[in-house]
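Residues per chain, in single letters:
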Amino acid sequence: MDSPLDTPSDPSASDASPSRRDVLIAGATTAIASAIPLGAGAAPAAPAPMAGQVPGAAAPVRAQVLLTVNGVIREMEVDTRTSLLDLLRESLHLTGTKKGCDHGQCGACTVIVDGRRINSCLTLAVMHEGAAVTTIEGLGTPDAMHPMQAAFVKHDGYQCGYCTPGQICSAVAVVAEIRAGVPSHVTPDLTAAPLMNGEEIRERMSGNICRCGAYSNILDAITEVAERRA
Amino acid sequence: MRFDTPAATNPIDQLKTIGQPLDRVDGPFKATGTAPYAYERHDAAPNAAHGYLVVSTIAKGRITALDVSAAEAAHGVRAVVTAERAGKLAKGDHNTAKLLGGPEIDHYHQAIALVVADTFEQARTAAGLVRVEYDREDGVYDLEEARASAVKPKKGDGMGGAADTATGDFDGAFAAAPVKIDYIYTTPDQAHAMMEPHASIAAWDGDSLTVWSANQMIEWGVSDLATTLGLPKEKVRLISPYIGGGFGGKLFLRADVVLAALGAKAAGRPVKVAIPRPMMFNNTTHRPATIQRIRIGAEEGGRITAIAHESWSGDQPDGGLETAVNQTRLLYAGAHRMTAMRLATLHLPEGNAMRAPGEAPGLMALEIAMDEMAEKLRMDPIAFRILNDTKVDPEHPERPFSQRQLAECLRLGGERFGWSRRHARPGDVRDGRWLVGMGVAAGFRNNLLMKSGARVRLDRTGTVTVETAMTDIGTGSYTIIAQTAAEMMGVPMDRVVVRLGDSSLPASCGSGGQWGANNATSGVYAACTKLREQVTQKLGFNSQEAQFTDGVVRAGNRSIPLGEAAGPDGMVAEDAIEYGDLAKKYQQSTFASHFVEVGVDAATGETRVRRMLAVCAAGRILNPKTARSQVIGAMTMGVGAALMEDLHVDKRHGYFVNHDLAGYEVPVHADVPHQEVIFLDEVDPISSPMKAKGVGELGLCGVGAAIANAIYNATGVRVRDYPITLDKYLDRLPPVG
Amino acid sequence: MKPFTYQRATSPAEAAAAAAATPGARFIAGGTNLLDLMKLEIEQPAHLIDVNTLGLDRIEPTADGGLKIGALVRNTDLAADERVRRDYGVLSRALVAGASGQLRNKATTAGNLLQRTRCPYFYDTAQACNKRHPGSGCAALQGISRQLAVIGVSDHCIATHPSDMAVALRALDATVETVKPDGSTRSIAMADFHRLPGDTPHIETGLESGELITAVTLPKPLGGTHAYHKVRDRASYAFALVSVAVVVQRDGSGRVAVGGVAHKPWRVEAAEAEMPRGAKAVNARLMAEARPTPANAFKVTLVERTLGAVLSEAKG
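Residue numbers (this note's numbering), protein chains in the order written: chain A, 2 to 231; chain B, 1121 to 1857; chain C, 9 to 324.
Bear in mind the hints are in silico, worked out from the structure with no lab data behind them. Each residue gets a CB set at the ideal place from its N, CA and C atoms; glycine is no exception. Heads up, some of the hints might be wrong.
[What the hints assert, rightly or not] Chain C residues, not near chain B, derived (Cβ > 12 Å throughout):
id : residue
1  : T61
2  : A136
3  : T193
[What the hints assert, rightly or not] Derived CB-CB ranges, DEER-like:
id : chain 1 : residue 1 : chain 2 : residue 2 : range
4  : B       : R1182     : C       : Q150      : 21 to 27 Å
5  : B       : R1251     : C       : A296      : 15 to 21 Å
6  : A       : G199      : B       : Q1667     : 45 to 51 Å
Sequences and hints are given; from them, build the entire structure.
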């Protein structure tokens, strides 16, 4: 069995095999009796007995969550405080998703959940019961890169590389958003479909800060992929 | 290898791999999230506990009570570190303020404790339970107020130069000049705001310490960490293969690494610490604000006769200057000149180097002044600069520049940018709701020389492995070092392996001051030169005659594959580049021109940059792709400096109020248009055997002023106080409607 | 972040009842503001009720020709809805002017209304803030206030409401629908939903303890030209210095609401009578009671200039 502590460079961490069901218990092993039972689809109809009464000495409250990450089903017990970002980075060792600010102000933690890009720092792991999460590791590997990853390499769409996974996850979603007709701040006519152009891409990518300033190159990379797939 | 005579023709001049726009060798790892940064080393420290900082909430004073009992009793907590518990800590050579404060507090958000727990959530929650009482003292937080008490620093400009210089009779010449300006310019405190927060993992093995830490300067980091903790340097290993940006913010030891080490000692297991983003702005260093006075006097024809640049900045006690006048000593001619810098004591967080320290804020002022002067002279700003170009150090005319293509940068840039379409009269061009203007500025940054070492291994398969404690902070070090080794040893890129960022490897110049590329590759050049000699010696080849190409060594009619030459045990060579006094005889600098077109919303005053061009003359460009990225990135930072970046000082409480990435705005995608970069063909045999210089900071130098000048050209409103935000000129825009 | 218990809600009424019955309970939907504040311990709920399971994520026509927007409709989906784009352009525009694509994918209609201020003194727990810690004072009054409120302010608070969406909803006279812990429901006009700071800046809305927003209702379309103009230092992903939402009719009449200037979306219906006379006349009444600091006095001028540009653009 693959260890849940696989390093990010270990392909097994991103090996998409939906049939495989890795069960792991993350973090401290102490079982907290008051953990709220949250089985799949069995949400309690009323607050659990201990609701609002956190156990003594501020012990963590733990809860179960089952979600799919890069095609692998993960059933885990987590501290309710755990962000999706920390679940990925600290429990699953999927450190490709970055913590730049932890407050939704930089975009480095962008992942794709159920087809939509979100900031994984501003959402709790327990809120993602049944969700399908795709991280940068799920898009491609150094030897088999996703077209967007390859375009970033070709156009030097990065420098330090720290915002890069978030930029790439966002870029993949942005191309899809424009194709789906989602309007943006720069869409000239709200009743018409947005165009796949530089102005639209720049505006939509603005939630991903790159302090190294690779924006011009990132735009070239996204444009190439968007045009190729058009 | 000692470099004390100009470089002759050497293997680098083949330009088979050097000079080629190759993709980054580390690119696929960065693009797939598999490049490991400091906080992510589950492989190296699988059982690391989490440390969370507790920081001071006063700027100056003393802790009177520090109660950690509730934190210690909290769930999962393994240790709490405080200054009292840590015992005596020394201060590293490169630090001004202490990294672990208490009982004295030097600045807001100075670290005063670390709480170590099993999980991040436990550590963060427990850190919130630490109770602190302070005796608050008044401090000095307002540079304008402190200006009168500023002094000439004893340690000069802090970089071996003087705080003041003077040539000729400035006062007399300025008084006599028929055309002159005399203005005050201000630049704000700025934050590096690199995307990866300062982060470290520390692990002890007996009395030996290993840290995985985001650090630009391995040598400084190791020696300062050893000094701080009172350890022999040999007992400390610093590993930093990937660094999520630095811009000077990671030149020095910071609280994360010191506290991770102390926390790991206290907890008896590895500990990792990242400085939370909302603490970074006040806990770490920043680029200090400046007040600059510039006076320029000229003849009617435009020739500068008198130029003076004075600058005031502040820092913690025993801190240093922001050397904003240094470029003015070298950039333009003029017989009568003076510069002076004064340092005020402030109790704001520590000021220190940020990308192009000195030149970045200095040119933000000087290059507006040059634009104002050109206008006053009714001259084109390009022509005015070219007229006052100099081929020698104006303060020491016996020193020529090794290369100086400033005029060519300006001329070519003007041509490519369509400068002739610029309306000299400001406020003259309208495009719908936008007032449109163009601006230009000169870019200048010195070329700094640093000793740098490397080791090169050749194995029996013909693979070349380069090992050096150099770092890659996004600059492209991995790639240009691989290119250097490939060129020198005559192997393809895929036969070169580069290992960086580990203090167990030969000491290197590190990444800073745009010196990394030239010096680090020169160190690799030196080691490869030695390895080539070993190979030819072993084969009995004439080393002058031997050719290293296509993985084979050839001399006369003999040709041996490199792997075979290496033999079953391989070969290894180590050397360093060291410099003689060429830098004394010649002034080595890099030059650029920056061109910008802006649109200013005629109603709201919002400024948006429409076009940007940089023309750079910076010696040999080792990899035009990564070098271009350095320049566009710097231009982007220049957009931030001109239009939005500003640490707002609360002058009552002595701290930067906008201490997160929502409050401290840096440019986003939508702020940055397509950017053009042109590198002039230049090789500089005076600089190094690579004949290269740096570009990473040059790309920033002058950008802010070019934007300021474009805003003036668009609106006719001159703002001398950065950043140029709409509130500073809204009332001077034409009426709406 | 303090430990908290967590439950998934099953119905709006039960969620409201649970919230009222559980000490320290808070609803969580998108979480993009609440979690931000919990990490800084500005918010310290002991119990979270996850309302994402309530299915309040539809946009439906109402009997009188308007639209009922479920509380959980994500900002992205609301902005992209064809009916909203066609009939309530000001709302679509306001939504896409806010935050980032990632945040809009998570943030909900109700959560957006309940956002808390971005005042930097509110965000720094070491500083005095009557909103965060009633009675502690307001560090912003004499502090860095360039971003802060200029009108409707008090000696206790000069924070602004950061939402763009709410400004458009105010211009549209939207109504907020809620359910209370006792199962009863009510409608609150946008005009009454957010409060001015007065001497209780910590009380930001008229919602009662446990009361849950279930929907926002838009009246039937107003027609006219819709515009939302947001002014900011950087081009995107930034809070407004000021923003102006307008709906202008052919005869020059219309509505104006302004963001970034007050503790709530700022609208003065009486000022709208001046619309045919232009921005200066409107601004004179709209911002008549402004009490800016030296650092943010520019906002009064900026509102007028922005409105001027928007009105002349709307005229075409």
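Q. Any of the earlier hints contradicted here, and which numbers?
A. Numbers 2 and 5, in rising order.
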